[in-house]
Structures are given as C-alpha cells and as structure tokens.
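Residue numbers (our numbering), protein chains in the order written: chain P, 774 to 1020; chain E, 165 to 440.
Hints listed in this document are in silico derivations from the structure and should not be mistaken for laboratory results. Every residue, glycine too, gets a C-beta built ideally from N, C-alpha and C. Please note that a few of the clues may not be correct.
What the hints assert, rightly or not - Pair ranges (Cβ atoms, derived): (1) P:Gly998 with E:Asp179: 56 to 62 Å; (2) E:Gly216 with P:Tyr920: 26 to 32 Å; (3) E:Asp253 with P:Asp802: 39 to 45 Å; (4) P:Arg856 with E:Ser369: 32 to 38 Å; (5) P:His981 with E:Asp317: 45 to 51 Å; (6) P:Gly998 with E:Ser369: 40 to 46 Å; (7) E:Asp310 with P:Ser840: 52 to 58 Å; (8) E:Gln245 with P:Gly998: 54 to 60 Å.
To be verified - Interface residues of chain E toward chain P, partial, derived using beta-carbon atoms under 7 Å: (9) Ala372; (10) Asp404; (11) Arg405; (12) Leu419; (13) Asp421; (14) Arg422; (15) Glu425; (16) Asp426; (17) Glu430; (18) Gln433.
Claimed, not checked - Anything over 10 Å on all C-beta distances counts as not near chain P; from chain E, calculated: (19) Ser180; (20) Asp183; (21) Asp284; (22) Asn287; (23) Gly304; (24) Thr335; (25) Thr352.
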Amino acid sequence: MTDVLTVEGLTKTFDMHALGDKQVVGLDDVSFTVRRGEFLAIVGESGSGKSSLLKCLYRTYEPTAGSTVYHPADADLATCDDRTVMAIRDSTLGYASQFLDEIPRVPAIDVVARPLMERGTPAAQARDRARELLDALGLPEELWEAYPATFSGGERQRVNLAQALAPEPELLLLDEPTSALDPETRTAAIELLSESTDAETTVVGVFHDRDVVERVADRVAVLDGGELQRVVPVAEFAAEEEEEVVA
Amino acid sequence: MTLLDASDLRRVYGDSCGDCVELTGDAAGTNQCPECGAVVACADVSLDVEPGEVLGIVGESGSGKSSVAELLALERATDGQASGDVRLDGHDGNLLDADYETRHRLRNGAVGLVHQHVRDGLNLEFTGGGNVAEKLLAAGWRNFGDVRDRVRDLFEETEVPVERMDDPTETYSGGMQRRVQIARALATDPDVVILDEPTTGLDVSVQARVLDMFRRIQREEDVAAVVVSHDLGVVRLLADRTLVMRHGRVVETGLTDRVMEDPHHEYTQTLINSVI
Ligand SMILES: [Zn+2]
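Same shape as in the complex, but just chain P:
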C-alpha cells in the first residue's frame, strides 16, 4: 500500500503578541503516515490539538517546524509556496470543517455542485452528482433548491459534507463533520464516507464520537496535549476501551 501523506516532526507554536509575546504550543513533534485509501481518525480531548493538526495539514496554519509530504503532488505542504498550496487545494486536497461556509442566496444543490463546476464539470452533470450525494445523505428533496441559511444545523452539515465529497478529492480532511447529525443521518453519512474511502479517497478525520470512529476508521491516532500518543488499528482502539471499562 502506498502512502498519501508523510508527516514528520510537525510542530506548531503560536506567538500571541497581545499576551506579551506568549507562546502557545499547538502541536509538538507529531509524526505519522497516511496510507492510500485508508480512513485515519484523529481523537483526543478538546484542546489536544486535533483541529490544529488538520489546519496544519491544509496549511490554514503555517507549521513552525517539520514536514508534511503530500505524495500525489510530491510537495511538502508545510513549506511549499502559497501558489503550490492553492493548486493542490484546487485539484486533489479537500477540507471540510464542522460548519458550512455561508454563501447567500445559493440553493443547497448549487452549493454542492459549485466545487465541481469550478473544476470544469458541466453544470448539469455537477448538479446530478449533487443530487446523488444529497439523496445519499438523506436531505429531503424539497430542500435541494432552498437556501441553506434557513436549514437546521444537521441539514447544513449534510450540505457541507456533500460539498466536500463532490469533487472526490484524493485526500479529504474532515473536522467533526457529523457532530450535528441525528443517529440515523449519521449512519447514512458514515456509510457514504466508508464508500468514498473504498473508492480511493483517503480520509483524515477528527471525530468526537467513539462510536463513529469504531465504525469508519481503519486506524486511530490519539493526540494528547499537542503530542501524538500512538497510532493503532481500530480493533486495538476498540479493545482498549473495553479494557478501560473493565478496569
């Protein structure tokens, strides 16, 4: 199995000038690899650096040290120039946060179709793909042509996830993409994510819910205080929990 991402010594320190140049450590010497087609879940307490890690991988945060070699583009995302990052984001690297980025007066279906159209897919085909995804995620059909601004948190999150999946990125970074979903929708989302990873999309996702992790992940990376504790196969992660419960 080939690797998609090789992370070595990734470190992020924030210099807070307003706090008397106080330094806040976000990540400390994090190293791991991500294999093609796998689903790597990142878990940890809040404040453990999960979101910081994703943002460093996407270069929304500029790493202070270390490297993040993204093999499909043969580039170090930690240090390559801004234009290279833009080109990679526009082609094969996707990111979805917990929240939908609001675009006023764009119907849900076009929110999902847009990234495809921006990559050159004809409008009709892009909208077909959008319908497919929204349907798979269980968004009621009567909402497809409505503005997401009027939607519930769970409905918006479905649009957000569909938008992230639409362009079929090679590597998709997900930050708690199912946090607002009800159990039934969450199951649908998880199935869709699992299918997507089978179809050659690699996912690195931050999840809060242990149950979700055990259902979607191949391996689990555990963060604590900005340090990577371990990366284990999901079965081992599940077994750890049982031990904890027994103990």
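Got chain P; can you put chain E with the ligand on it based on the hints?
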C-alpha cells in the same frame, strides 16, 4: 505565469527631505515623515497576481491600500510623486512610465477599476446603460447594436434589471449603482479588475449579494482581481491570497485563510481579534 507584476510601488505627498521612506513605516509607527512632514502613502510594496487569481489588500484608512490600487489601475497621478514598476503580461515595459495614450488604452481594455466612490466611476446623470456603453465606445466599439447587446448581457450578468437600462443612474439604488460599476469594469473583458472598497455605502445584506455576484462572475470568467478593503469579511470572501498593510507598508502576506486564522504579525493579530 504572472499576469500582473508590481514592484517597489511608492507614492509620496509633499516635498520630501530624501529620508522620508527610512523615517516612516510600520516600525516608525507613522506614514508621515518627522523630518519634513511629507506623507509616504505607500513604499516598498511589491506584489504579483496570476491569471484568475484574486489578491486581497486589507488595512485601515491611511494604510496606503488605496494608493496601491490607484497605481495598479494606472490611474492618472493626482498629485504627489509616484514611482515603481507595474508590468502586465502581453504589454511591454513599465506601465507606470508608459505614455498617456498607452495608459488610457489599457484602462479601457486590459485593466478594469471599480472606484470606491460611485461618483468617481459613473456619471450619475447618464443612464445606467450609457455608463457601460461609454466604456465600450472608448475601447473602440462602433456598432450601436453590438454595444446595446453587450450592455444588455452585462446587466443580466451583474443582475441589474435590464428594463432599467435607459433610466438615469441617479435613480438606481446603491446596490444597483455598484453593479453597474462592476458591469462597466468588466465590459471590455479585462485581464484584471481592481476593486477599491467595493462595499462602501451599501447595506450589509446588499453587500453580501454584490460580493457573491462578483465572486460568481470572477470564477466563471476566470478574471484576475485585486480587492482592496478595510473589511476583513470582504477579503475573506473573495481573495485567494491577502496582503496586510499598515502605515504605507505591507506587514504580512499569505493565503487568505492562513492570514485570518494564523496571523503572524502583531498588527494582523490585533486587526483580526478586534473583529471576533
Ligand atoms: Zn522627510
């Protein structure tokens, strides 16, 4: 490939003592020379824009961002001494040194400008359609029917009601006037559009719609843009990369989301924290 390449842009107002640039800027905490009182509106500003890319320039009033916009848009120097180098792919030499004729031709062709103040960009007594047609005529369009068709298409694209085409621009709402300005700037299929404070004077709800309209057209036409604004939200919505300016200097540059979420410079951190 670089479309627009600008280096060492500088504009100074007043009689300079010769040391003004050294005595002003971010470290000095002012854009006014303590020696001679001259104002260094901008200095040492270099930037480049690739085809289809949107560059944001953010800063407070007095940061020099509008001076940079004027220089990039090849506007006639009002007063003060300007220097620097502006190059546009497909055109020879430093365009800041180009003759009046060349600059005039570029302003009516390859470079579009959306002025901060509607009155600087449009003749409000003309019809909306007339304001856009004027740009086409200046660019050499001669066939009345072609001009009329083009104006109609641009109105549709910028979401201005076509039936208002022959009404005086002063009877339009603020949002419509801004749309006409954008239609005018895009009329000649420019390579790059400069937008100076595109939301000035608009209600918040109208701002969002105008910006989204511009964003849609920008991506569809793949036209490059430089968006100058004091409003971080405007730059966040439109720009791929962002420059932060203060006291006439660029203090930070980066991917827009990086600048917004991981600001490095003390001033950028203050600017962003004051919004959140
Ligand atoms: Zn001086």
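Each hint, compared with the structure:
1. P:Gly998 with E:Asp179: 56 to 62 Å: Check passed, 59 Å falls within 56 to 62 Å.
2. E:Gly216 with P:Tyr920: 26 to 32 Å: At roughly 27 Å between Cβ atoms, Tyr920 (chain P) and Gly216 (chain E) fall inside 26 to 32 Å, so the hint holds.
3. E:Asp253 with P:Asp802: 39 to 45 Å: holds (44 Å)
4. P:Arg856 with E:Ser369: 32 to 38 Å: Check passed, 34 Å falls within 32 to 38 Å.
5. P:His981 with E:Asp317: 45 to 51 Å: holds (50 Å)
6. P:Gly998 with E:Ser369: 40 to 46 Å: holds (44 Å)
7. E:Asp310 with P:Ser840: 52 to 58 Å: holds (56 Å)
8. E:Gln245 with P:Gly998: 54 to 60 Å: holds (55 Å)
9. Ala372: The hint holds - Ala372 (chain E) has a Cβ within 7 Å of chain P, the shortest such distance being about 4 Å.
10. Asp404: This interface hint holds because 6 Å falls under the 7 Å limit.
11. Arg405: holds (6 Å)
12. Leu419: This interface hint holds because 5 Å falls under the 7 Å limit.
13. Asp421: Holds, about 5 Å.
14. Arg422: With a closest approach of 6 Å, the Arg422 (chain E) hint holds.
15. Glu425: holds (5 Å)
16. Asp426: With Cβ-Cβ at 4 Å, under 7 Å, it holds.
17. Glu430: Holds, about 4 Å.
18. Gln433: holds (5 Å)
19. Ser180: The assertion about Ser180 (chain E) holds, with a minimum of 32 Å to chain P.
20. Asp183: holds (29 Å)
21. Asp284: holds (27 Å)
22. Asn287: Non-interface label on Asn287 (chain E) holds, nearest chain P Cβ at 30 Å vs cutoff 10 Å.
23. Gly304: holds (32 Å)
24. Thr335: holds (25 Å)
25. Thr352: holds (24 Å)
The earlier numbered hints are all upheld by this structure, with none contradicted.
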